[in-house]
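Novice: Sequence:
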Amino acid sequence: MIADMPHEPARASAIADLMHAGRETSRLSMVFRYAIAERLGLTVSDLECLDQLADVGSATAGQIAERTNLTTGAVTSMLRRLQQAGYVTAERDPADRRRVIVTLRPERIAELERPYERFAERAEQLIEGYSVEEIMLLVRHYDRMQAMYLAELDRLRSGDTAQPSA
1 MIADMPHEPA
11 RASAIADLMH
21 AGRETSRLSM
31 VFRYAIAERL
41 GLTVSDLECL
51 DQLADVGSAT
61 AGQIAERTNL
71 TTGAVTSMLR
81 RLQQAGYVTA
91 ERDPADRRRV
101 IVTLRPERIA
111 ELERPYERFA
121 ERAEQLIEGY
131 SVEEIMLLVR
141 HYDRMQAMYL
151 AELDRLRSGD
161 TAQPSA
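The opening residue of the sequence shown carries number 1 in UniProt numbering; numbering runs sequentially from there.
Since the hints were made in silico from the structure, they are not lab data. Since we're looking at a predicted model, the values are computed, not measured. Note that beta-carbon positions come from the ideal geometry of N, C-alpha and C, so glycine has one too. Among the hints, a few may not be true.
[As the list claims (entries may be wrong)] Computed spacing ranges between beta-carbons, pair by pair:
#: 1; residue 1: Gly129; residue 2: Ile15; range: 20 to 30 Å
#: 2; residue 1: Gln125; residue 2: Ala14; range: 23 to 33 Å
#: 3; residue 1: Gly41; residue 2: Thr161; range: 15 to 25 Å
#: 4; residue 1: Gly73; residue 2: Tyr142; range: 31 to 41 Å
Take these sequences, add in the hints, and give me the full structure.
Specialist: Okay, structure coming up:
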């Protein structure tokens, strides 16, 4: 244990740097998404909805509400706006007429991708400098962070106010 002591300050400093970098990246990601949404004449929630639909193809209004953390009433208004703007179609689920299946219109995908193109190119150039092992470390890190976010969202939605244990 004593042999590890000289590395502890360096490790603590590295962890603090990583946490700061993560917070700053998250903040900049939000600012970037707000700027893209503004450029497209959308809200960030609209953009999140369209992003989800681009990933999964179709989703129910309930699934969109869960992903965007919006109420069902807010999702209904958002979907109406996106339909009127020609971004999505909404059809009744033939298996359950109470549900609505929302689908991104394929002809609008390129328009939604265009503001991200330069960033995506630069991200690919950045990643080119990483080894496969480094890339896999980042994938594992993001997978674990996503799981943590989902767990915390569940906790917040359930009304759990317990503080983390020390």
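Novice: If a hint holds in the structure, say so; if it does not, say that too.
Specialist: Cross-check of the supplied hints:
{"no.": "1", "hint": "Gly129 to Ile15: 20 to 30 Å", "in the structure": "holds (24 Å)"}
{"no.": "2", "hint": "Gln125 to Ala14: 23 to 33 Å", "in the structure": "holds (25 Å)"}
{"no.": "3", "hint": "Gly41 to Thr161: 15 to 25 Å", "in the structure": "violated (38 Å)"}
{"no.": "4", "hint": "Gly73 to Tyr142: 31 to 41 Å", "in the structure": "holds (32 Å)"}
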